[in-house]
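Asks: In order, the protein sequence lines correspond to chains A, B, C and D.
Residues 1 to 102 (the numbering used here) make up the first sequence, in order.
Residues 1001 to 1173 (the numbering used here) make up the second sequence, in order.
Residues 2001 to 2634 (the numbering used here) make up the third sequence, in order.
Residues 3001 to 3478 (the numbering used here) make up the fourth sequence, in order.
Don't read these hints as lab results, they were simulated from the structure.
Quick reminder that beta carbons are idealized off the backbone N, C-alpha and C, glycines included.
Hints are not guaranteed to be accurate.
Derived BS3-like pairs: lysine-lysine, alpha-carbon spacing no greater than 27 Å straight-line [stated by the list, open to error]:
(1) K2537(C) <-> K2373(C)
(2) K2172(C) <-> K2552(C)
(3) K1161(B) <-> K87(A)
(4) K2168(C) <-> K2367(C)
(5) K2447(C) <-> K2168(C)
(6) K2447(C) <-> K2565(C)
(7) K1161(B) <-> K3186(D)
(8) K1128(B) <-> K90(A)
(9) K2162(C) <-> K2367(C)
(10) K2028(C) <-> K2537(C)
(11) K2077(C) <-> K2050(C)
(12) K3186(D) <-> K3095(D)
(13) K2172(C) <-> K2544(C)
(14) K1128(B) <-> K3055(D)
(15) K2077(C) <-> K2367(C)
(16) K1161(B) <-> K3029(D)
(17) K3095(D) <-> K87(A)
(18) K2373(C) <-> K2453(C)
Short, incomplete list of chain C residues facing chain B, as computed with Cβ under 8 Å [as the list claims (entries may be wrong)]:
(19) P2538
(20) I2626
(21) S2629
(22) V2632
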Amino acid sequence: MTSVPMDHGLLLAGLLFAVGLAGVLVRRNILYVLMSLEIMMNSAALAFVVAGARWSQPDGQIVFIFIVTVAAAEVAVGLALVYQMFKRMKTLDADAASLMRG
Amino acid sequence: MTIAFYVASAVALFATLMVVTRRNPVHAVLYLMVSLLAVAVVFFTLGAHFAAALEVIIYAGAIIVLFVFMIMLLNIGPPPSTRQESLLLTPGIWVGPSALSVLLAGLFLYVILAGGRSVQAGSYVDAKTVGISMFEIYFLGVELASMILLAGLVGAYHLGKRDLPDEAEGGNG
Amino acid sequence: MLDLLWLIPALPLAGFLVLLFAGEKLGKSGVAWVGAGSVGISALIAGLLKWTFLTSPPEGHHFTQALWTWLDVGAFKPEIALYLDPLSLVMTLVVTGVGFLIHLYSVGYMHDDEDYSRFFACMNLFVFAMLILVLADNLLLLYVGWEGVGLCSYLLIGFWYKDPANCKAAQKAFIVTRVGDTAMALGFFLLVTQLGTLQVQDLLERAATRWEPGSGMALATALLLLGGAVGKSGQLPLQTWLPDAMAGPTPVSALIHAATMVTAGVYLIARTYVIYTLAPAAMAAVAVVGALTLLIAGLAAFAQSDIKRVLAYSTISQIGYMFLALGVGAWSAAMFHFMTHAFFKALLFLAAGSVIYALHHEQNIFKMGGIRKQLPLTYRTFLIGASSLAAIPFITSGFYSKDAILYQAFTSEHGHFLLWLAGALGALMTSAYTFRMVFIAFFGEPKTHVHHKPGWVMNFPLLALAFLSTVGGFIELPHFMGHAQFFADFMAPSFAHAAGHAAEAHHGAGLEIGLMVVAMALGLGGIAAAYVLFLAKPEIIEEKMKSEGNRKLHAFLFSGLGFDKLYDTLFVNPYCWIARVNKRDIVDLGYSFLAAVGMLVHFLLGLTVTGRVRWYAAGIAAGCLILMSVMVFT
Amino acid sequence: MTEAQFVALSPLILVGLAALVVMLAASFKRSNGLALGLTLAGFAASLVSLAWAAKVAPVQVTPLILIDRLALFYLGLVFLTGAAVALLGHGYFEKRAGYRDEFYMLLLMATLGAGVLVATTHFAALFIGLELLTISLYALVGYTRTEPRSLEAGLKYLVLATVSTSFLLFGVALLYAELGTMEFGKMVDLIRQGGHRETLVNGAIALVGIGIGFKLALVPLHMWTPDVYEGAPAPVTAFVATVSKGAMTAVLLRLYLLVGGAIPDSVMTLLSVIAILSMFVGNLLALLQDNVKRILAYSSIAHLGYLLVAFIAGGNFAPEAVTYYLIAYMATSLGTFGMVSVISGREREAEELRDYAGLFWRRPFEAGVFAAMLMSLAGIPLTAGFIGKFYLLAAGVDMGAWVLLGSVVINSALGLFYYLRIVASMYAAETSAKPGAAAREVALLGSATLAALALCLIWLGVFPAGLITLIRSAVLGV
């Protein structure tokens, strides 16, 4: 139905992935880090959908569904952790949360 | 539809860039939503309608709401916290990591494009096919995915719960 | 029946483990039951096996019990297996039998010691290690046993560790024997790399077929193994540790430093006799070491005043006889003497222990005197042991075994008149110093008061050993006294390979009787001399001691012919000096440099663990970048 | 689903069921003992059902899961370890405030995830199993939520594990895009046949490698280890160090057996470099550490380096060498972290080196067991660790991999230094330890578990042949 080369789809996924990674590496606010993680997961999911579309198989979309499920569970746990951390350390700065090192 | 793919891609990329550069978390979350919706459009153009629908419902619908909820709960609104964000984003902090990401993006580019053949990725796979496959071949995966949600639930419940009377604040575990 | 073999070492091990983990909770009688009982049952099983061997010997007169394969990695497949043949059976019998009697004795002797369970735990561990050493089917297991007995010896010499002198003695024993052990380990490596198997019997077979008689390889391994044997058995030049080892409790001296462990060297040479038959020069070395040792130790024994040190020197000297026998190819005679020696020397030590116990830890014979009347039983058993050591003709076991050695030293093709002469002179000295001890300690005026008399647990082992010391010799009589060579016949399968070499040239009864008469005369002469010098006319000695030269001679003999001093000047002091000088030397610099590099790298790497999650994620990204680049671009 | 398939899956089903039962029970009555009992019953039922499943094995249940002898063997290992962690956790959480039932639920679900990993033959199932394991672990690592370090560890683990999983997913997506399947066997066949884009496939494999290497904590993906190990409650640390690494090793082993050892030289060189770096970095970082949990964390990095050596140099007997080494490593890690959790007091974990000063005089039994564990980690003869090391050395000599061998030897010496540091401090005179670290009461179940583990280690050091035979039949049954 469309004539999008698969490579372009993957390329979009790759770029989104890199942006997400940059977000994780650059942002110190833990909320942004979590958002960036969502971007990375989502870009990988996108790559699966692209690949599934190439082979006309449902598998890509199914893995996408799995990824969405995992992302939801992960955000739930992640935000609960952030909430506890904010409650006890009064900051969202990920760099401040470095009691352990060395 | 081809044009729609490229437009949506451009929107998604732009919105995502905005997410990681915003100082106001509410703005970032809104951009994230835009990005996810744009990706949903991409899915649609690739013929993955079911995935497109799920992307809107679960990602844009549920997960984003969770983030917004958390921002409200932690009460990190505009002025003071955005100023704080600026402090956290000095060039010294972002130049190195960004360079690393750019390098990696370049490598991805090379890997994906090198020796490329133009294979089309745009065949329609309808929800029925997905559903059948999901409950025939991948039914174990579905079962396990439910366990994942359960684990997330139990974990989030335990971590998010208020302290019990005998749990001392800041006490060591 | 033979399948019970594994129980023999397993029981003492079990005893050790029980005592180690539950020793404190068992109470004294519980400890005694576990400690002595486990060895006792082992001894019973060993007796059963002996019976089986006599009545229905297994095929080829040996029996291998493969317990399990330890490892199976590529070509390396050491089996944990026990090998029983007449040689190891005799050793097993002595280790468990004498070991049991000594354990029993210890129940009384050590009763008031606060570390009762530690003592029995170590003793059981020792018996276990010794049995592993004796029954080992391969070099790996043999080495484990060898080091195991060394460890136990160290632990038990230093048993009363609160006295620094005891710890020093323990260290000395450990370090000196280590010199020999190193040589032995090298010998083992040589054997394994050259012959390609760990199995002792395979090794011997391959050595016999692959190595020419008199070849350099055979000589080298034989000498290296001799090094190990010399260290463990307290022979020249590594004999210096044994007298000091008397710092341990007396039962330990009896079991480890008289009856069993110190004869491990004899066992090692007997076990690998094939290699020695291939290297006549090494055999000669064994004989010469034995002859020199027995003379030197005999001389040193004269000057000692501590009863245990006298016995220690006599042990060295008697093991010298065994080496002499090995060196002249009289394999079974060596083992025969090993057995009788185990009986009478254990007896002597235990009886001496009873005296020490009764006199409240008095070990100086010049302070004893006259205890013959106060401790009649101890006296009589000690006398039986002493007679056996002095080889009183016909009625003692020591006579028969020593006679066999002297006869072979003269007549064997490896023998020599000088070797016989050394043995004969040694016999004279042995009887003289033995009865010097008897006369000084047990006769004359009482000088100390007897505190408490030993009970039956201590007396019974004495009686049992006295019995064995007397009848133990009758199983092997000289040729002219009828063909009653049960022991040699029994041992023959173990030394089958040597049968061809040492085909006994028959010299007729005349020579045999002649040699025996000479030896008898020398032995009895020694006793007579001791009687005259130390009991009847002690003033002769006193007179002699007035001269400066004789006093110096006495001091020289007292110090064990100055070997300790010699080694101190030759090795210990230079080594300590080098160590002192080298405290900050170049070699050390190298090490501290390495350590410093290690610490520096530790510090630098520590900087990478910043505790910041962004940094860690960057690590992952960078790792990915490198990994992907390598995978994609190469 | 046929009956055979159902039987084959029963070990996994029972563990999942146990998680649900524990949850239901908790809604009626919250009790540490009850939850432990149910958990152990669940593990016991699964272990018993392994024998049942073994009768029908090998069974392919959909393309996702293959229950064969390798899977059954590793399932047994994972379940046993999970049960041991539950026993350790009982005593540990008994001393502490807060709800305990969730620990067992999460533990069971994490173990289920590990079980899926062990039996998977499909990347979709690999991902799901991995995430089930990991998401349960986020919560477990941050379980003591009143302790900031525990929360910090949980967050760090969450962020880093998600990053690495994203890499893995992206790699799988690329592979799928190029090959059109996600089944291990078919993918290997397609790659072997050629006709695909080399760069894309190689790059994708590298990405998958990142995901696997992260779980195994190989350099340069190791940096999370010390922080997470330190922050997590000690029983959870034991779990992270053993089950999650063991399950990933099983995946690696399955892939290795499929590839059949036909790995290009360049990849081998790369793996060698990673192995050597892991050994050196792990051991050098542990060298002067004063925190026992961090020492053990760094040492686990080094041990996974050794394990990789077994893969590289193992040749024909790589599978059994790897499995043996892994079992020795798992048993000792379980023991050492278990010891930390048993020794720990109510207020604080016994994690500082000085908390161990004079332990031998206070707690001879525990100190002895701990010393035995450390000896095994160091590879002293007559322990399981020695046999594992011996495998490595024998394999290395066989292959003539002298550089790797040299590194193993040097690192063994480095390791000995810091293991003995702990042992020496246990025998040292007691100094002024920070208060609160010493447990007043001994957790009986925990101590018994540890004693059993120590016996097991020595048993494996003295009678390794039995286990080796078992491993051989498991890995050759593939």
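Asks: State for each hint whether it applies.
Replies: Here is how each hint holds up against the structure:
no.	hint	verdict
1	K2537(C) <-> K2373(C)	holds, 21 Å
2	K2172(C) <-> K2552(C)	holds, 26 Å
3	K1161(B) <-> K87(A)	holds, 12 Å
4	K2168(C) <-> K2367(C)	holds, 26 Å
5	K2447(C) <-> K2168(C)	violated, 31 Å
6	K2447(C) <-> K2565(C)	violated, 33 Å
7	K1161(B) <-> K3186(D)	violated, 46 Å
8	K1128(B) <-> K90(A)	violated, 49 Å
9	K2162(C) <-> K2367(C)	holds, 25 Å
10	K2028(C) <-> K2537(C)	violated, 48 Å
11	K2077(C) <-> K2050(C)	violated, 31 Å
12	K3186(D) <-> K3095(D)	violated, 51 Å
13	K2172(C) <-> K2544(C)	violated, 34 Å
14	K1128(B) <-> K3055(D)	violated, 37 Å
15	K2077(C) <-> K2367(C)	violated, 59 Å
16	K1161(B) <-> K3029(D)	holds, 18 Å
17	K3095(D) <-> K87(A)	holds, 24 Å
18	K2373(C) <-> K2453(C)	holds, 12 Å
19	P2538	violated, 80 Å
20	I2626	violated, 10 Å
21	S2629	holds, 7 Å
22	V2632	holds, 6 Å
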